[in-house]
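Visitor: Letter by letter, the chains look like this.
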Amino acid sequence: MSKLLITYANSCGIKLPKEAPKFPTCYYPIPNAKYITLHIGAGHDSRKYDYYQEVVNILKPILKNNNIHIVQIGTNDEPNLDGVIHIKNNLSLRQSAFVLANGICHIGSDSCWTHVGGSMNIPILSLHCNSPLEVSSPYYKDKHIALDADRGDKKWTYSAVENPKTINTIKPEDIAKSTLELLNIQDNIRAKTYYIGDQYNSNQVDIIPDYPVDGTKFANYKILIRGDVVCNYNAIGHILNYYSAGLVLNKPIPADILNKFKSKIKVIYYVIDSNYNKDFISKLHTSGIKYHLLTNMDGDELNNVKLDLFDFNAINKKVPFDKSKIKSNLLFKTNRLFNSNNKFYPSVYHYTLDQPFNGEPILVGNAIDYPSFLDSCESYYFFEKSV
Amino acid sequence: MKKKKILFNSNFSKFSTGFGRHARAVLTRLFKTGKYDIIEYSAGPLSYSDSRCKSVPWKCYGALPDNQKEREKVARNELEARLVSYGHYYIDKIVNENKPDVAIFVEDIWGVNGYWDKSWFNKINSIVWTPVDSLPVHPILEASAGKIKNLWVKADFARKALHDIGHTHVQTWPAIIDQDPFFPLDEESRNHYRKLFNLDDCFVVGFVFRNQLRKLVGSLFDGFKKFKDEQLKINPDFKAKILLHTFWDEAEGWNIPHLIKQVGLSNEDVVTTYICRKCHKITVNNYAGQNLECKSCGEKNSVSNPSVDYGLTEGELNVIYNVMDYYCHPMTSGGFEIPMLEASLAGVPIGTCPYACGEIYTENKNVYSFDISFYRERNSNFWKSQPSIESIANSMTHFYEMGRDKRKEIGQEMRDWAVSNFNPDTEVKKLEEFIDSLPEADHDFDNTPNPEYPFIDIIDHTEFLKSLYKNILKINIPETDEEFINVITSIHNGATHEFIYSEFTKHAKNLNDSKNKQDFSNHFSENGNKRLLYVMPGSLGDCYMSLAVLDSIKKTYNEGWDIYVATEPKYFEVFAHLDYIKNTIPYDKWMDEYGPLEGVGSNKGFVDVAFKPYLITQFMLNHIHNGLDIDTLQTQEINV
Numbered sequence: 001m002s003k004l005l006i007t008y009a010n011s012c013g014i015k016l017p018k019e020a021p022k023f024p025t026c027y028y029p030i031p032n033a034k035y036i037t038l039h040i041g042a043g044h045d046s047r048k049y050d051y052y053q054e055v056v057n058i059l060k061p062i063l064k065n066n067n068i069h070i071v072q073i074g075t076n077d078e079p080n081l082d083g084v085i086h087i088k089n090n091l092s093l094r095q096s097a098f099v100l101a102n103g104i105c106h107i108g109s110d111s112c113w114t115h116v117g118g119s120m121n122i123p124i125l126s127l128h129c130n131s132p133l134e135v136s137s138p139y140y141k142d143k144h145i146a147l148d149a150d151r152g153d154k155k156w157t158y159s160a161v162e163n164p165k166t167i168n169t170i171k172p173e174d175i176a177k178s179t180l181e182l183l184n185i186q187d188n189i190r191a192k193t194y195y196i197g198d199q200y201n202s203n204q205v206d207i208i209p210d211y212p213v214d215g216t217k218f219a220n221y222k223i224l225i226r227g228d229v230v231c232n233y234n235a236i237g238h239i240l241n242y243y244s245a246g247l248v249l250n251k252p253i254p255a256d257i258l259n260k261f262k263s264k265i266k267v268i269y270y271v272i273d274s275n276y277n278k279d280f281i282s283k284l285h286t287s288g289i290k291y292h293l294l295t296n297m298d299g300d301e302l303n304n305v306k307l308d309l310f311d312f313n314a315i316n317k318k319v320p321f322d323k324s325k326i327k328s329n330l331l332f333k334t335n336r337l338f339n340s341n342n343k344f345y346p347s348v349y350h351y352t353l354d355q356p357f358n359g360e361p362i363l364v365g366n367a368i369d370y371p372s373f374l375d376s377c378e379s380y381y382f383f384e385k386s387v
Numbered sequence: 001m002k003k004k005k006i007l008f009n010s011n012f013s014k015f016s017t018g019f020g021r022h023a024r025a026v027l028t029r030l031f032k033t034g035k036y037d038i039i040e041y042s043a044g045p046l047s048y049s050d051s052r053c054k055s056v057p058w059k060c061y062g063a064l065p066d067n068q069k070e071r072e073k074v075a076r077n078e079l080e081a082r083l084v085s086y087g088h089y090y091i092d093k094i095v096n097e098n099k100p101d102v103a104i105f106v107e108d109i110w111g112v113n114g115y116w117d118k119s120w121f122n123k124i125n126s127i128v129w130t131p132v133d134s135l136p137v138h139p140i141l142e143a144s145a146g147k148i149k150n151l152w153v154k155a156d157f158a159r160k161a162l163h164d165i166g167h168t169h170v171q172t173w174p175a176i177i178d179q180d181p182f183f184p185l186d187e188e189s190r191n192h193y194r195k196l197f198n199l200d201d202c203f204v205v206g207f208v209f210r211n212q213l214r215k216l217v218g219s220l221f222d223g224f225k226k227f228k229d230e231q232l233k234i235n236p237d238f239k240a241k242i243l244l245h246t247f248w249d250e251a252e253g254w255n256i257p258h259l260i261k262q263v264g265l266s267n268e269d270v271v272t273t274y275i276c277r278k279c280h281k282i283t284v285n286n287y288a289g290q291n292l293e294c295k296s297c298g299e300k301n302s303v304s305n306p307s308v309d310y311g312l313t314e315g316e317l318n319v320i321y322n323v324m325d326y327y328c329h330p331m332t333s334g335g336f337e338i339p340m341l342e343a344s345l346a347g348v349p350i351g352t353c354p355y356a357c358g359e360i361y362t363e364n365k366n367v368y369s370f371d372i373s374f375y376r377e378r379n380s381n382f383w384k385s386q387p388s389i390e391s392i393a394n395s396m397t398h399f400y401e402m403g404r405d406k407r408k409e410i411g412q413e414m415r416d417w418a419v420s421n422f423n424p425d426t427e428v429k430k431l432e433e434f435i436d437s438l439p440e441a442d443h444d445f446d447n448t449p450n451p452e453y454p455f456i457d458i459i460d461h462t463e464f465l466k467s468l469y470k471n472i473l474k475i476n477i478p479e480t481d482e483e484f485i486n487v488i489t490s491i492h493n494g495a496t497h498e499f500i501y502s503e504f505t506k507h508a509k510n511l512n513d514s515k516n517k518q519d520f521s522n523h524f525s526e527n528g529n530k531r532l533l534y535v536m537p538g539s540l541g542d543c544y545m546s547l548a549v550l551d552s553i554k555k556t557y558n559e560g561w562d563i564y565v566a567t568e569p570k571y572f573e574v575f576a577h578l579d580y581i582k583n584t585i586p587y588d589k590w591m592d593e594y595g596p597l598e599g600v601g602s603n604k605g606f607v608d609v610a611f612k613p614y615l616i617t618q619f620m621l622n623h624i625h626n627g628l629d630i631d632t633l634q635t636q637e638i639n640v
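Read top to bottom, the protein sequences are chains V and Y.
Mapping of the first sequence onto the working numbering: residues 1 to 387, in sequence order.
Mapping of the second sequence onto the working numbering: residues 1 to 640, in sequence order.
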């Protein structure tokens with residue numbers, strides 16, 4: 001924005017005013033207390049930070065002690081964070097500006113409210129990723145901290161879509177610390193992020209089909225039926241009666257289940273080894289059900305299977321999680337749970353040991369050596385124990 | 001024993017195009033021998049690292065740039081986009097990195113245009129296996145045939161034509177497809193499908209084709225109309241239909257509904273294949289557009305004609321052939337026309353034009369050969385065939401009147417002929433033997449002239465001269481070459497070996513200097529300083545005015561910065577007196593883009609700052625303002 005504004009001015013041959021332009025505001029009811037504003041949206045997907053909820057989780061207790069609320073502004077299509085006040089119900093731009101103007105700090109990416117907030121002399125914490133800070137940070141500002149993504153030795157992509165998103169390399173605790181710095185709040189944030197899996201935000205339940213499932217419980221979740229863990233045809237059919245779901249299999253299921261639940265099966269992941277069933281794959285191929293073939297095989301063994309299955313979908317090698325990314329003494333939390341017989345587990349490993357999830361962070365421990373744990377590590381948030 | 005590396009450049013072997021199926025038939029068989037490391041380089045829509053490349057059991061790369069911005073840039077120029085999609089963007093990288101022993105290019109000749117001039121082409125046993133669809137021979141093929149040692153065409157008429165113009169090394173190697181999926185169904189199954197498709201009481205004339213102008217759909221309709229009208233006079237209950245297996249709505253193809261109307265057929269006379277993308281249900285119906293609702297699974301917008309990206313399996317296509325009574329393929333020209341081979345394998349009698357690849361089929365006595373006339377195609381001047389309506393109608397009468405039993409008998413003879421003449425196992429075995437007989441490849445692709453090569457005198461003038469060409473200029477030149485003859489003559493006329501040697505080393509140095517200038521990074525000093533590039537392509541006036549800007553730039557970017565200027569070479573002298581300009585670089589159009597100079601993502605670029613003030617004065621005029629704008633940044637008054 002700095003460079004953009006300067007470029008606009010240069011192009012018109014004028015000097016920019018020292019005073020920021022006023023953004024018009026319009027009254028909107030606001031909390032009768034101090035608050036900071038948070039805007040999670042951005043024009044580019046690459047500028048949308050995925051871990052604001054973690055930031056809120058860290059900040060909320062500290063801000064509460066200081067009688068400060070967190071207000072989420074933005075548009076209705078932006079997801080609601082937990083633990084914050086939402087003021088984004090079809091507000092006009094002027095109303096949003098009013099909410100922003102009355103806050104004591106603003107957190108956001110390189111988006112409009114960051115620049116407007118800067119011009120209102122509100123302390124601003126801005127996150128940057130796909131273009132240089134010098135170009136994208138606010139031109140008019142008072143107190144300002146800009147956090148930049150870790151791109152390694154790469155240059156800015158200037159891209160509206162990044163995969164992986166570099167903005168996610170900014171750690172939640174760094175955002176929280178910088179916010180407190182802007183607010184002049186002294187607090188020792190102990191959270192230390194170690195690794196966040198790229199599917200951490202997926203709101204998924206893996207149902208192990210070993211019992212008759214509750215027909216309403218998982219209505220708001222993405223469901224994956226784990227026929228590769230337990231393959232009970234009746235239970236699979238029962239679940240599909242209630243829910244549309246993905247299905248993981250490592251052996252064929254009867255054609256009548258496929259036909260009956262064709263419209264409810266979103267996708268089938270067929271994990272194949274040397275005993276794969278070609279007839280079943282052929283049925284899948286012409287069934288109209290979306291399917292993926294996955295395998296742990298490699299080398300000549302995999303190549304021979306690719307040749308045999310040349311007419312069907314690509315066989316994707318399952319990429320094992322690199323366990324050097326984590327350590328056994330880390331804690332982890334997860335949004336993905338494995339459901340069996342009315343109990344929830346954090347992984348298939350914990351299901352096997354019947355160690356249900358109690359909502360608290362879990363020590364990695366011995367699980368680090370088991371594929372049944374590592375397979376779901378991209379769904380976890382690993383962090384170091386508080387000192 | 002070390003496996004030979006084979007680079008195979010054609011359509012992706014998993015695509016159902018003719019080239020793709022040819023690639024599949026060849027590559028799967030070569031792979032199964034276990035003797036070769038295969039590298040597939042797929043022309044078409046795959047990007048270099050496309051995930052689909054991992055679905056084949058050999059190494060595979062796509063042709064399009066991985067970088068989205070680069071793809072968008074390429075797409076802006078139609079010609080460049082086409083060449084990139086054929087594989088020109090990555091071919092050098094793939095050859096240099098993989099060092100194949102054999103490279104097989106199965107493509108239209110213009111798709112591989114210029115490969116024969118690459119330094120690696122003749123060092124790695126390159127084979128160009130190309131279809132020729134018309135006469136005379138395409139100018140690119142005619143000009144390049146002498147440079148391609150292993151040049152194969154898919155049909156014999158093309159080989160004969162190339163031999164006639166002196167390229168007697170050209171061979172015929174037919175297209176290869178897997179034959180297993182194509183066979184005659186038993187009568188019960190055939191009748192089942194004909195009933196399923198509501199064709200059980202009709203004489204079915206089929207045509208499987210991509211809707212291109214060279215496939216004569218209108219002539220097929222004309223012939224069918226005549227045939228049907230004649231038969232109705234004899235038998236008022238006569239029923240016949242045309243079955244078109246094609247995507248009707250190709251942008252540059254025939255407007256088939258219009259042709260139906262124009263010829264005077266009714267919509268009910270013509271049926272076509274449909275497939276649901278959701279449930280894969282295949283139906284045969286009258287044409288009703290694309291993206292229809294599926295009556296089987298209820299999915300909206302899912303039913304369309306089969307297309308290149310979603311179609312029938314080969315086994316399902318075999319069913320389509322089997323419901324036909326006669327396969328009719330009128331065309332202006334063609335390179336091989338695989339559907340005629342498939343119809344033959346499915347035991348369906350066929351008829352076509354005795355021109356171009358049609359000759360492959362019409363040489364068989366069972367194939368109905370249309371009466372044709374020729375015309376020259378506008379622009380290309382190629383000869384094209386036009387079958388007579390009369391003979392197309394007669395072919396239908398011929399096969400209709402002979403009855404089902406006779407058609408079956410002819411169909412079986414057609415199948416036997418196709419199986420024995422185009423057996424993929426036999427053909428690939430021949431290819432395997434050919435590959436094994438090829439000499440070892442030379443992987444030294446560095447043809448950079450060597451001006452440092454020492455003077456080694458050889459008494460024989462010819463041998464001496466050949467040695468200079470080979471070791472200094474890195475060229476294997478024939479003694480009959482005009483340049484060679486000129487130099488040898490000068491030696492005979494008194495030029496000493498020492499003089500000739502010094503001329504060669506001088507020339508080699510010049511060649512290297514000019515090549516280095518083409519390598520953009522060589523324009524910059526590696527001294528640790530930051531780089532600022534001021535780009536101003538022209539004009540003279542703009543370059544002159546730039547002197548003032550550069551003066552200020554120099555004052556602003558002094559310590560630790562090197563300043564470069566890019567402009568048209570004719571304006572270099574405008575900047576020559578500025579001793580703070582590190583180098584003046586020839587301007588090129590790609591510098592207009594924002595990415596390549598300063599870098600994007602993993603591309604580090606060449607400079608830290610690139611100023612391009614001409615963009616808003618020469619490309620997107622943003623400085624005119626009727627002369628009324630007031631500038632407050634500059635202190636000097638503007639006096640007009």
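Read the hints as simulated data drawn from the structure, not as lab findings.
Each hint should be verified, as a subset may be incorrect.
As the list claims (entries may be wrong) - 27 Å max Cα-Cα, derived DSS-like pairs, lysine-lysine:
#	chain 1	residue 1	chain 2	residue 2
1	Y	278	V	251
2	V	318	Y	32
3	V	48	V	165
4	V	165	Y	69
5	V	266	Y	54
6	V	318	Y	59
7	V	264	Y	300
8	Y	69	V	290
9	V	266	Y	32
Visitor: Each hint needs a verdict: does it hold in this structure or not?
Guide: Checked hints:
1. Y/278 with V/251: OK: residue 278 of chain Y and residue 251 of chain V at ~23 Å, within 27 Å.
2. V/318 with Y/32: holds (25 Å)
3. V/48 with V/165: holds (9 Å)
4. V/165 with Y/69: Within the cut-off at roughly 17 Å; holds.
5. V/266 with Y/54: holds (24 Å)
6. V/318 with Y/59: Since the Cα atoms of residue 318 of chain V and residue 59 of chain Y sit roughly 18 Å apart, the hinted pair holds (cutoff 27 Å).
7. V/264 with Y/300: Holds: residue 264 of chain V and residue 300 of chain Y sit about 16 Å apart, inside 27 Å.
8. Y/69 with V/290: Given that 27 Å is the threshold and the Cα spacing comes to 30 Å, the pair is violated.
9. V/266 with Y/32: Since the Cα atoms of residue 266 of chain V and residue 32 of chain Y sit roughly 36 Å apart, the hinted pair is violated (cutoff 27 Å).
Consistency with the previously given hints fails for numbers 8, 9, ordered from lowest to highest.
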